[in-house]
Amino acid sequence: MAVTLKTAQDMYNFCQDHGMGKGNSQSWDLKHFQLIEETLSPNEHVLTVFEGLHNYASLSKHDKNFAYAVTTKRFIMAQKKAIGSVLQTVSLSNVNDITFQKKALMGIVTIDTMKERFNVAANYEVAERIHKSVLKALEIAGKSF
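Residue numbers (numbering that gives the first Met the number 0): 0 to 144.
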């Protein structure tokens, strides 16, 4: 993962180039990634990024599209809304496990933390790529399972 991911445009391009999910439109995807760009500290490096349906329970029950980043320090989950935004972070030290499930219609990557679980859904092939990329990023960051 020698790609530099510092700007929202870099993150969006990475998702497109590597098949790591996409939202409703480029403009909204860039707004989600802009939130991630703005929260990065100067000595924090993004290892991988992806997009998916946040807190997925079913096709009709989820928190819509979010952008995600795994950095050298934390998971960042971001969604820009018409009014306001959502930004969640989880320290890598609080991540217990990352799992992948193939469901009937979707692939689901589950991020299990000390306090909660986040289900990220995408089509099966994309979710599988996300899972592999996240595991590789966590390995680079020194976190193993």
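Keep in mind the hints are simulated off the structure, nothing from the lab. Computed from a predicted model, the values in this text were never measured in an experiment. It is possible that part of the hints are untrue.
Cut-off 30 Å, straight-line C-alpha distance, at most; resulting in silico cross-link-like pairs (DSSO-like, lysine-lysine) [claimed, not checked]: (1) Lys-72 <-> Lys-135; (2) Lys-21 <-> Lys-102; (3) Lys-102 <-> Lys-5.
A quick look at each hint next to the structure:
For the suggested pair Lys-72 and Lys-135, the alpha carbons sit about 14 Å apart, so the restraint of at most 30 Å is met. With a C-alpha separation of about 19 Å, the suggested pair Lys-21 and Lys-102 falls inside the 30 Å cut-off, and the hint holds. The suggested pairing of Lys-102 with Lys-5 is violated, with an alpha-carbon distance near 33 Å, which exceeds 30 Å.
Consistency with the previously given hints fails for number 3 only.
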